[in-house]
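With the hints as your guide, set chain B onto chain A.
There are 2 protein chains.
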Amino acid sequence: MIEAKVDIVEAKEKKAKPDPENLSFGKIFTDHMFTMEYTREKGWFNPKIEPYAPIELDPAAMIFHYSQSVFEGLKAYLDPEGHIQLFRPQENFKRMNRSNQRLSIPLINEELVLDYLKQLLTLEKDWIPSADGTSLYIRPFIFATESSLSVAPAHSYKFIIILSPVGSYYPEGIHPVSIQIEHDYTRAVRGGTGTAKTGGNYSAGYIAQAKAAEQGHAQVMWLDGVEKEYIEEVGSMNVFFKINGQVVTPELNDSILAGVTRKSIIELLHDWNIDVVERKISVSEIHEAYKEGTLEEAFGAGTAAVISPIGELSWGEEVMIINGRQTGDLTKSLYTTLTGVQTGKLPDPYGWTVKIKV
Amino acid sequence: MIEAKVDIVEAKEKKAKPDPENLSFGKIFTDHMFTMEYTREKGWFNPKIEPYAPIELDPAAMIFHYSQSVFEGLKAYLDPEGHIQLFRPQENFKRMNRSNQRLSIPLINEELVLDYLKQLLTLEKDWIPSADGTSLYIRPFIFATESSLSVAPAHSYKFIIILSPVGSYYPEGIHPVSIQIEHDYTRAVRGGTGTAKTGGNYSAGYIAQAKAAEQGHAQVMWLDGVEKEYIEEVGSMNVFFKINGQVVTPELNDSILAGVTRKSIIELLHDWNIDVVERKISVSEIHEAYKEGTLEEAFGAGTAAVISPIGELSWGEEVMIINGRQTGDLTKSLYTTLTGVQTGKLPDPYGWTVKIKV
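Residue numbers (my numbering), protein chains in the order written: chain A, 21 to 378; chain B, 21 to 378.
Isolated chain A, as found in the complex (with noise of 0.2 Å):
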């Protein structure tokens, strides 16, 4: 482990910890964060782990205009041996510098960034929960911070990673969900900023969303903006779909986040010797796949839920009831291992984990 030099500061009142029975997702924070900033001329500079605190920007900071911004999402937990474990966490800072490029913001040093969030962690291990499903949720974000309205990449940033003790996302355990797939709205297209992790693909959305939500849908399935007929995320998380015995998953594009959780489940079902393909998946063939009883499962897969299930999915007036509502078996598999492995309670033979030994 480095050791980056880091100036810490430490809160002279700590927070109480929340009832860890009760948690609920990114609304309680720890009581530090780790800051740094950006210059033209010191590059990033000024890295400080500090009490977490509210910040102060000029009305004019160019993120309230516009949006230049990226962040990421991953999550620490406490193995068994309460060590503290984190899940490939090199691939969520090496996603921020994609994100970064894209967004014409400058790139970090990724091996640097995780060895300040090593050592942030390491100062707020107790906030870590240990019960089944929880986590601590980890937030590092960038945004211009430059007093200026001109439509250009400001000249300075700030990056924060705030942590978030977070419940389990399946409080009564994993359950499938019913989607609908979104014509009207789009949420990328090619040339756009749609494998970026930036805030305006998110907000975008909410729109599609609620829309969903009000005919009792819990998220959207995305088409692709072009012939608005591929399938291409569902919410905010990649997709797979089990057809016949075959997974397929969307193949990574110009508009497709390129999730590490995704990632992983590919790596897995390779070691399991299930099939997988990367591929474009068109609507009428999940419709006829269906029809003809081979759409076996299908399933969201992210950072915060990890699975989702999907038990029904919409298409205007057609309805698609998927394994009668019930969680697939390799669904369940791909949960098991996948958190298994994340929280230290399965052997990791990918060394897909690390660990910081405190």
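Note that these hints are calculated values from the structure, not bench results. Treat the hints loosely; a few may be bogus.
One copy or two, it doesn't matter: identical chains are merged, so the pair holds either way.
Stated by the list, open to error - No more than 30 Å apart at the CA atoms, straight line, and that leaves these computed lysine-lysine pairs for DSSO-like:
(1) Lys231 / Lys62
(2) Lys352 / Lys283
(3) Lys114 / Lys231
(4) Lys377 / Lys300
(5) Lys248 / Lys300
(6) Lys62 / Lys47
(7) Lys47 / Lys365
(8) Lys352 / Lys300
This one's a predicted model, so the numbers in the text were calculated from it and none came from an experiment.
Using the frame of chain A, we list chain B on its own:
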């Protein structure tokens, strides 16, 4: 004039006014700003004119993570009698509500907000520069303030208006620029956020802008996201062409921003009995017209520049020189008339201007 109730807290110390001969764009701000808050319980409340000062936000404030924000841009001028004059401000607040709608942000009361703006301008009248081409740029904006990492519309927002004295867009006189037609990067697509004035649309374009600048061009011309053939906008402006005596501009669709300057130009041309048509325009068609010698003029249109003549249009290896790189006669007339009406130097037979008599 309504005179909506606003709390006014005057700044104790006033800043020195900038040199009117050396004004930049959006770097210097006046002594006061207007602010207003929103919660689900109270709606929009606490309208306040207060000293221009930094804003405090929790690091989990949703604006940093999911870019739920909208903005507007308009200008105030001093007319020859010394009265404050606005240009079609109702159009800006109407559009702000259309943007709010798309971004799942609560609507504002357009009339009330215009009245708040008038009161702010009245207080800041001395900040309105009067030299040729200068104005007081007005930036209303709204952003999500709730502290939560949920991917969902915020429950609380802030609405702010800041003011910046700005210099002439053309310190050396209006002059045509070189534009590159962008094929790979996409500004917006049907079903996306292109018709909304939201931050994400702007930072998403920086990378293409940098590519164009590297090749010596001032701006990019954006094509539609589906066929990559139809012209949509230029930089952050609408675009017009004069072909064989007829003026054409891309028709408003689900991805083009409905500009106030665009609308005013169309109305002016109608009034002048000049043939103007809103329709789809392909790059091939522009190239054909160029080869036939009927591509007479081209210009961008937006609040910042008002009119920005295009002298050169690059499309891959092809370079189209328009009107010998000179500003065309119609382009010039439109610029003179629009800026004349905006500044009160020309009469306003259209009822476009709003005067604030103080």
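Is it within a copy, between copies, both, or neither that the alpha carbon of lysine 352 lies no farther than 30 Å from that of lysine 300? Within one copy, since 25 Å is at most 30 Å while 50 Å is not.
Is it within, between, both or neither when you check lysine 231 against lysine 62 at 30 Å Cα-Cα? For lysine 231 and lysine 62, only the inter-copy Cα distance (24 Å) is at most 30 Å; the intra-copy one is 46 Å.
One pair to classify: lysine 248 and lysine 300, alpha carbons no more than 30 Å apart. Within, between, both, or neither? Intra 12 Å, inter 21 Å, cutoff 30 Å: intra and inter.
Homomeric proximity label, lysine 114 with lysine 231: Cα distance no greater than 30 Å: For lysine 114 and lysine 231, only the inter-copy Cα distance (23 Å) is at most 30 Å; the intra-copy one is 34 Å.
Classify it for me, lysine 47 with lysine 365: is the Cα-Cα distance of at most 30 Å met within a copy, between copies, both or neither? Answer is within: at 27 Å inside a copy they meet the 30 Å cutoff, but 55 Å across does not.
Given identical chains, is lysine 62 near lysine 47, meaning Cα to Cα at most 30 Å, within a copy, between copies, both, or neither? Between copies, since 21 Å is at most 30 Å while 34 Å is not.
Quick one: lysine 377 to lysine 300, C-alpha cut-off 30 Å, is that within a copy, between copies, both, or neither? neither (43 Å within a copy, 62 Å between copies)
Could you place lysine 352 and lysine 283 in one of the four classes (within, between, both, neither) given a Cα distance threshold of 30 Å? within (17 Å within a copy, 56 Å between copies)
Checked against the numbered hints above, the structure breaks only hint 4 and satisfies the rest.
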